Every structure is written in C-alpha cells, then in structure tokens.
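Listed below are the residues making up each chain.
Protein chains: 2
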Amino acid sequence: MSSVRCHIAISLDGYAAGPNQSMEDPLGEGGERLHTWMFEPTGDADVRARERVLEGLGAFVMGRNMFGPPGSGDWDESWRGWWGEDPPYHAPVFVLTNYPREPLEMDGGTTFHFVTDGIESALEQARAAAGDQDVAIAGGASTVQQYLAAGLLDEMHLHIAPVILGGGERLLENVGDLRLAPVEATGTPAATHIIYRVVR
Amino acid sequence: MSSVRCHIAISLDGYAAGPNQSMEDPLGEGGERLHTWMFEPTGDADVRARERVLEGLGAFVMGRNMFGPPGSGDWDESWRGWWGEDPPYHAPVFVLTNYPREPLEMDGGTTFHFVTDGIESALEQARAAAGDQDVAIAGGASTVQQYLAAGLLDEMHLHIAPVILGGGERLLENVGDLRLAPVEATGTPAATHIIYRVVR
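The listed protein sequences derive, respectively, from chains A and B. Just so we're aligned: the first sequence equals residues 1 to 200 in this note's numbering. Just so we're aligned: the second sequence equals residues 1001 to 1200 in this note's numbering.
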C-alpha cells in the first residue's frame, strides 16, 4: 500500500519556520536558512534528500498558510500560490481551508483542490488521486502536526539544519505520544537528514 | 590545543531532561529514554558514540544539579554524587556552585572540586588539570547553554533520541547566535549522533 510521508526542514532548536512570517517573508525571519541543503547542496546526502522530496508521489496535502500568505477569511481569487503558473508538484494538491473555492488548474499537471471538511477527508481524496503512489503532507508545521497527532503519517523525513532560529513555529509539539523509529541518518555540512518511520 | 566538548542527549522535541526532575527521577519523567543508545546500544554508531563520551578527556565541568539533586543552598556534606564511590570520570571534575565546599576525593581518580567564581574560572581550572587532553562540559542542559552562549565550547556531540518528551529542560535556548557546522552524522534505531563544530 502506498504510504503517507512528509519531508520537512527544522532548525536545530526545533523550528520549521522563523518568527514573523509575512507576505514578504513566508518562512519567517531566517527561515530560508533551513533550506540551504536543498538550494545549495553540499554533498550527495543533500542531493538524495532533495530527489526524494518529489519522488514517487501522486498527490499532496498542504495547509492554507502554505498555499497562501498568512491570514484567513474569504479567498482573494487572484491568489494562485507562491510558485507561479507551473508549481513543482505536477499532481493534485489538496489545500486545507475553512473557505470553499473552485479547483485551480495550473500548468504542468498541478491542480489545487480546496478541502473544507477536515484533514481525514483531504487525505482520503489525496489517496484516491495518488493511486499506487505515495501521498505527501507538504506542510506547514501545523498541518504536519495535525497528521502526526492523528496517527495518519507513515514516514517523516526530517532535515535538521545547523541553524538556531530562537523563535518561530515549532514542529514537534502537540503531537501526543508519537513513537518514531529512525531508519536512516545521513549528513552534510548543510543538514542532517533522518528518515523516521512512525510506530503504531 | 586541547578542545572543549560536550556530549549530550536530547529528545526529538529538544529536551535534555524530562519534566519534574527530582531525587527519585534525576533526569525527569521519561528522561532515561534519552540514553537508551548508551545503555542498550543497537549498532556500531551507538557503541562508537559511547566510547567517545569519556575518550581523551582530562577533566570535566558540571553544574550543581548534575552533581547533586535539584535544589540549592548550603551543601549536605553527606552527598557524594549520584555515582557511588567510584564515579566514571576518573579525572578532576569541577562543579559549578554558589556554595563553597572542600574538594571531595573519590575512588578511581575522580576528585570533585567546587568552583564558586563562575564558568570561565571553572573552565580555566579544568584546562589546567587536563593538560594536553580535552575538557568535557558534562551537563546539565543549563550549564551547556551557558558555555555555548559564552562561546567557550569547541565541539558538541548531540545524540538525538527518537523520543517526544513534551516538556522538560530544553537544551538549545538562550544560546545567542550560535553557529554550528556538522562534521559527522551517524545513526541507529536508538539515536542519531551528530558531531557539531562551533563556528567562531
């Protein structure tokens, strides 16, 4: 059976985004430093970790604040995501929101579907869309937290950047009695990559 | 020149000790789960990490709460540490405290020296005692934090246990703009071991 995984970068002090996220600074102050391994890989382990981020995936789930700028309320229909007209997903993406919106078809095979009836429903739709392929919980931190707490994630790929952010959005809180088994650890000067299997 | 290092285990959510540390539970609730890799190693990486904890060290520095039970005030002179008459250090150990006490000589070459004039002084004395060998900042978390914040640590060996404690004493806060460079990452099912060099 296909699995549900997430790939997420955190600082050494546990933050998946820096403080003061905004339209200009969607990852928060210093947040882009979490992703150096991805944009300027320093070794094979970074390259391999990056390949895996999109490998074998048939659908994605993301939180509203990953799709759009911080804030809530009715949709500004002119907002089409952070990624331009050809987002990197090339697959259906289910966006968690409280506000309905028509599906948004982009170039390259990415369609954003807006799901208003909760994380289980979004995952069910993503599984159906993915077929034999895996589903990724793409982020942000609070969305990953919700799936972890609900026991719906099978595998977490954690990329620990050697960076202290000192504040921001923590990944691993409110996740209940989560049990994880490390299955692989590799590293470069830019990050340590650990794959955890969630133990049920 | 000899270097100053620390070896410290943390949970995946960043705690070096669990909540409610006490005489009966010196590592706090669940805190012993951080050290499974050490007491029940599951692979070569655990064994190697454990060997390094005491390797090449000529002196140690520790906080009062690592030497004795939580609490402060004048010494109960009957307290001789957690480790029995032959502590595992086999070298001078400098204990940070506000309360003077005569040196305490134990079996096997361990002598506890009580230092009341601050972390720099303790490190200076430890360096002098260690000669060509390294000095370890043995813990606990707040002592390691102070040395990190003061820029006095050269190397941090972090052992990340696949455990969520949900509360307790965090390691990596109040450490200022700490810059770290990972130099090695290895792992087993029990822990991921990362060696960081502190960048000055």
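Hints in this document: simulated from the structure, not taken from any laboratory. This structure is a prediction, so every number in the text was calculated from the model and none was measured. Glycine residues also receive a C-beta, built at the ideal position from the N, C-alpha and C atoms. Any given hint might turn out to be false.
As the list claims (entries may be wrong) - Among the chain A residues that face chain B by a calculated CB cut under 10 Å, a handful are:
#1 Ile8
#2 Leu12
#3 Met106
#4 Gly151
#5 Leu152
#6 His157
#7 Leu158
task: Just pull the numbers of the violated hints for me, sorted ascending.
output: Failing hints, ascending: 1, 3, 4, 5, 6.
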